[in-house]
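K.L.:
As a plain string of letters, each chain reads:
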Amino acid sequence: MTTTKKAQEATAKKGQEMTTFGLAKEKLTVLNTHVHNIDGVAKVTGRATYSFDTKLPGMLYGKILRSPHAHARIKNIDASKALALHGVKAVVTGKDTLGIKQGIWRRYQELCDEQILPVEKVRYIGEPVAAVAAATEEIAEAALDLIEVDYEVLPGVFEPMEAMKKDAPTIHEGVERNINVTRHIEWGDVESGFEEADYIREDNFFCGGQAHMCMETRAAVSSYTPEGKLTIYHSNQSAYYMQALMAGVLGIREGDIRVIAKYVGGGFGGKFELDGAIFCTAILTMKLFRPVKIVYTREEDFIATKRRTPMHYWVRTGIKKDGTFCAREARVVSNGGAYTGMGATALYLTGFFHSFPYVWPAYRYDGYRVYTNTLPSTSMRGFGAPQAMWCSEQQLEWMATDLGLDPIEMRRKNGHYAGYEVPGQAYIASCGLDEALTKTKEWIKAKGKLPANRAIGYSAAGFMSGGIFNWFDTPYSFSSAVVTINQDGTVILHIGATEIGQGSNTTMAIIAAETLGVKVEDITVHSGDTDHCPADLGAWGSRQTLMTGNATKRACEDAKRQILEFAYAKMGLNIVYDLDIKDRWVHIVARPERGMPWEELCKIATRGKDGQRIIGRGFYTPHRKGMISPAYSYMMQAVEVEIDKETGHIDLIDSLTAHDCGTPINHLGLIGQLEGAFSMAAGYGYLEYMPYEDGKLMNPNLVDYKMIRATEMPETPIAEIDTYEPEGPYGAKEAGEGLTNPTAAAIGNAIFHALGIQMKECPVRPHMIVQALKEKEEKDKAAKGAKKGK
Amino acid sequence: MEKRLITLIVNEQAYEIYVNPKTLLVEAIRDHVGLTGTKRGCETVSCGACTVLVNDMAVKSCSVLAVQCDGMKITTSEGLEVNGKLAPIQKAFLDNGSYQCGFCTSGMLMATSGLLKENKKPTKDQIKESIEGNICRCTGYNSIVRAVEAVARGEYKEGSV
Numbered sequence: 000m001t002t003t004k005k006a007q008e009a010t011a012k013k014g015q016e017m018t019t020f021g022l023a024k025e026k027l028t029v030l031n032t033h034v035h036n037i038d039g040v041a042k043v044t045g046r047a048t049y050s051f052d053t054k055l056p057g058m059l060y061g062k063i064l065r066s067p068h069a070h071a072r073i074k075n076i077d078a079s080k081a082l083a084l085h086g087v088k089a090v091v092t093g094k095d096t097l098g099i100k101q102g103i104w105r106r107y108q109e110l111c112d113e114q115i116l117p118v119e120k121v122r123y124i125g126e127p128v129a130a131v132a133a134a135t136e137e138i139a140e141a142a143l144d145l146i147e148v149d150y151e152v153l154p155g156v157f158e159p160m161e162a163m164k165k166d167a168p169t170i171h172e173g174v175e176r177n178i179n180v181t182r183h184i185e186w187g188d189v190e191s192g193f194e195e196a197d198y199i200r201e202d203n204f205f206c207g208g209q210a211h212m213c214m215e216t217r218a219a220v221s222s223y224t225p226e227g228k229l230t231i232y233h234s235n236q237s238a239y240y241m242q243a244l245m246a247g248v249l250g251i252r253e254g255d256i257r258v259i260a261k262y263v264g265g266g267f268g269g270k271f272e273l274d275g276a277i278f279c280t281a282i283l284t285m286k287l288f289r290p291v292k293i294v295y296t297r298e299e300d301f302i303a304t305k306r307r308t309p310m311h312y313w314v315r316t317g318i319k320k321d322g323t324f325c326a327r328e329a330r331v332v333s334n335g336g337a338y339t340g341m342g343a344t345a346l347y348l349t350g351f352f353h354s355f356p357y358v359w360p361a362y363r364y365d366g367y368r369v370y371t372n373t374l375p376s377t378s379m380r381g382f383g384a385p386q387a388m389w390c391s392e393q394q395l396e397w398m399a400t401d402l403g404l405d406p407i408e409m410r411r412k413n414g415h416y417a418g419y420e421v422p423g424q425a426y427i428a429s430c431g432l433d434e435a436l437t438k439t440k441e442w443i444k445a446k447g448k449l450p451a452n453r454a455i456g457y458s459a460a461g462f463m464s465g466g467i468f469n470w471f472d473t474p475y476s477f478s479s480a481v482v483t484i485n486q487d488g489t490v491i492l493h494i495g496a497t498e499i500g501q502g503s504n505t506t507m508a509i510i511a512a513e514t515l516g517v518k519v520e521d522i523t524v525h526s527g528d529t530d531h532c533p534a535d536l537g538a539w540g541s542r543q544t545l546m547t548g549n550a551t552k553r554a555c556e557d558a559k560r561q562i563l564e565f566a567y568a569k570m571g572l573n574i575v576y577d578l579d580i581k582d583r584w585v586h587i588v589a590r591p592e593r594g595m596p597w598e599e600l601c602k603i604a605t606r607g608k609d610g611q612r613i614i615g616r617g618f619y620t621p622h623r624k625g626m627i628s629p630a631y632s633y634m635m636q637a638v639e640v641e642i643d644k645e646t647g648h649i650d651l652i653d654s655l656t657a658h659d660c661g662t663p664i665n666h667l668g669l670i671g672q673l674e675g676a677f678s679m680a681a682g683y684g685y686l687e688y689m690p691y692e693d694g695k696l697m698n699p700n701l702v703d704y705k706m707i708r709a710t711e712m713p714e715t716p717i718a719e720i721d722t723y724e725p726e727g728p729y730g731a732k733e734a735g736e737g738l739t740n741p742t743a744a745a746i747g748n749a750i751f752h753a754l755g756i757q758m759k760e761c762p763v764r765p766h767m768i769v770q771a772l773k774e775k776e777e778k779d780k781a782a783k784g785a786k787k788g789k
Numbered sequence: 000m001e002k003r004l005i006t007l008i009v010n011e012q013a014y015e016i017y018v019n020p021k022t023l024l025v026e027a028i029r030d031h032v033g034l035t036g037t038k039r040g041c042e043t044v045s046c047g048a049c050t051v052l053v054n055d056m057a058v059k060s061c062s063v064l065a066v067q068c069d070g071m072k073i074t075t076s077e078g079l080e081v082n083g084k085l086a087p088i089q090k091a092f093l094d095n096g097s098y099q100c101g102f103c104t105s106g107m108l109m110a111t112s113g114l115l116k117e118n119k120k121p122t123k124d125q126i127k128e129s130i131e132g133n134i135c136r137c138t139g140y141n142s143i144v145r146a147v148e149a150v151a152r153g154e155y156k157e158g159s160v
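Chains A and B, in that order, are what the protein sequence lines are.
Just so you know, the first sequence maps onto residues 0 to 789 in numbering that gives the first Met the number 0.
Just so you know, the second sequence maps onto residues 0 to 160 in numbering that gives the first Met the number 0.
Hints are computed from structural coordinates only; laboratory data are not their basis.
Note that the structure is predicted; figures quoted are calculated from it, not measured.
Hints should not be assumed to be uniformly reliable.
Here are the computed lysine to aspartate or glutamate pairs in the DMTMM-like style, where the Cα-Cα straight-line distance is at most 20 Å [what the hints assert, rightly or not]:
| id | chain 1 | residue 1 | chain 2 | residue 2 |
| --- | --- | --- | --- | --- |
| 1 | A | 705 | B | 42 |
| 2 | A | 518 | B | 94 |
| 3 | A | 705 | B | 94 |
| 4 | B | 123 | A | 185 |
| 5 | B | 2 | A | 136 |
| 6 | B | 84 | A | 520 |
| 7 | B | 21 | A | 137 |
| 8 | B | 127 | A | 137 |
| 9 | A | 54 | B | 77 |
| 10 | A | 705 | B | 131 |
| 11 | B | 21 | A | 140 |
| 12 | B | 123 | A | 520 |
| 13 | B | 127 | A | 650 |
| 14 | A | 54 | B | 26 |
| 15 | A | 624 | A | 185 |
| 16 | B | 127 | A | 714 |
| 17 | B | 123 | A | 711 |
| 18 | A | 54 | B | 30 |
To spell it out: a stretch of chain B is covered by chain A in this simulated footprint if at least three of its residues, at any positions, have a beta carbon under 8 Å from a beta carbon of chain A; those stretches are [as the list claims (entries may be wrong)]:
| id | region |
| --- | --- |
| 19 | 9-22 |
| 20 | 52-63 |
| 21 | 147-154 |
Just so you know, even glycine gets a beta-carbon here, dropped at the ideal spot from N, CA and C.
Isolated chain A, as found in the complex (with noise of 0.2 Å):
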């Protein structure tokens, strides 16, 4: 084992020198500099305008009549007096519709499973039931209470574990006992590794949902152009899902419908489905021939779009005494709420990513996704890790502790490394894992000692860079990217992907400048426009890096091959040379003196093209990268935590992020990206709760629901791991997701070295550790006693 280990080792790091050989004697002039977001100005004076702010002559408002029981049949919708207030132009409910069940999971008709009108039940409290459109968004309003509704009432079922008794209510026909989608992975021989370990362990855990809250709620505006062609504003995290869904529902070709995604106000992974706001305009405008907007409340936005989802995780692992992982079960029940979406996804990855970062000879995971009438549950940033790594960081933290071993030290035995394949799985082709333990130890070993009731904890973790998979079944490249050079040398950049606020415009820029020579400057980026745009699957699984980089890449080099034969034949060179092109300079690469500035020779290639001007194309669709991701990143976060220990309150004090994203391309970009996961997941530690009654949420606005507030926020400091990743643009791979993954695990860590207690729910309110201390005190007095009484 340990020779295969340090050969394939050797073998990874003897490809990585060569992989990197060429880029060490490439000067890079652009990557990881420091440079602004392309879009910074627009946000910073208030110029940029997002779906909310769009507005359109003659447009009307629109809102949206929800379900207010969680299980019922609809028997009848009379909206005859709401359509007689003045103002209100059209009430449409699902028999207005094609009645069309769709779902992102399109390969899989039974997973298509959602009507967001529904014409015969509601599944959720929330649901669409009808929706208004008038002159105002105060008449919509009063519309809704006019629209009388008859129901038959069925009875409901809210968690997963109830919702699979024989016994309980069906939530669609067909479905034997609530069961969505089940997901198994397994390698290694689990029993006989099992046989083989010196200590087991078994656990059960809970883990809550979690809201996206987006600043900008859903929004939409549904229009035709004067010419006819249906244009959708939307706010969304891929306009080619959108297009293409809409396309699905609306029963017209994807062509015949436009959707611009221009600026977004945040995303996280709940902006991929469709929602209410973009059907429900779009089915009124087609009604009206009117622009209609509909702009969801913050209330709506909690109820009524979907969650992280909550799952219990069911852990049973095997070590030897010497820390040596021998074998791995997990089981996981998800409550999936009353729809597929992405959750199907989610229970796939978060099974897989359980197993990270560690070598295991054995794993085996079975993961049940179970309909309850709840709010669908779905992907949000870290896509069903966080999850994972609440329990298995923390049992390996206890497991460490028990065995009297040092649980960095043990992690490192175990961890992965470049060269290393999940079997079956995935291929790992850079892992900065090892140098992410070392970081942390060290920042441990500077904080000394540390006062009562105050501990750090940490958790390993790691993530995909984009996703492999094609359950939405589609016929493009995954990315594609069109660049256009202007005889002045101006660049033109399109790309499908989607900007969200994680910089995705201003990365693809940088990785232009870099390919092709010039300034960032140079470049204007168009994105999230299905017109103007080709398609790329957008914002999710922090995929863009990877997969749009590699495709503006390769756009940028094909115009880049094309532009430099003309360099070529004006100079005359004998053609062993080289010509490149830094800095707006065209030049030989052995003598770098020798050349011609870059926009005198777009201007002779513009006229040697026969007035045409020079476009490149790119594309990339991940090919033999196994199961899951082209590309995974590393990590270690630490965090320092005080317990008041009669409330029961939480203080984060500080933090370390160890972070191995590959080649960094955008500096600035990359630490805002981690420490935004890091705020969003530590809130998902201890303070981000979504309490359901009966299928109700009962904290639906944000002074009832708790996030991460500046007071709250430690100092964040970065160690940034560099690695080469061969198959990422520049050796880049993902920054935006990955971090969301370890932080709740290190917080419950944290709580456990500073008071020994083991909290299995997350996330932990102070009455949780209040209980927990109290319930230890009892045990440790019945020990004593017992001791006593020997």
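Fit chain B to the supplied structure of chain A, relying on the hints for placement.
P.N.:
Just chain B now, with coordinates in the frame of chain A:
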């Protein structure tokens, strides 16, 4: 309810508008004056996306009625730049990457501008407190704090882009 004619001096320009007495200041700015830099993220005065300066004080514009601000001086994010020259706080936000999706940015700029008008040398805790009522879901706040600290240190001169 009878509409009222009021004057709002928004970004040094007087606007005479007819508003329903129930109209919130944020609605007057967005829907009547027509400046959309000021956002809304909630209905409970919890998120701060609508923060503006009213007579140089940071105020959540969803928490006051437009009629209460009759004759008052309002500054929105659009009013920070002068003839295309960015204000120090805007430049600091750019340099520190203090925004991502940008939806909370106007509110953050105005809350911190309000602080800096009151206190030219705020401490880190004072900066954090000044934006405690503003939610940013993207950045984790620290880059915003760094930007305000940079302005307080005098790293940016007025109108010097």
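K.L.:
Against the structure, test the hints numbered earlier, and report the numbers of the ones violated in rising order.
P.N.:
3, 4, 8, 12, 19, 20 and 21
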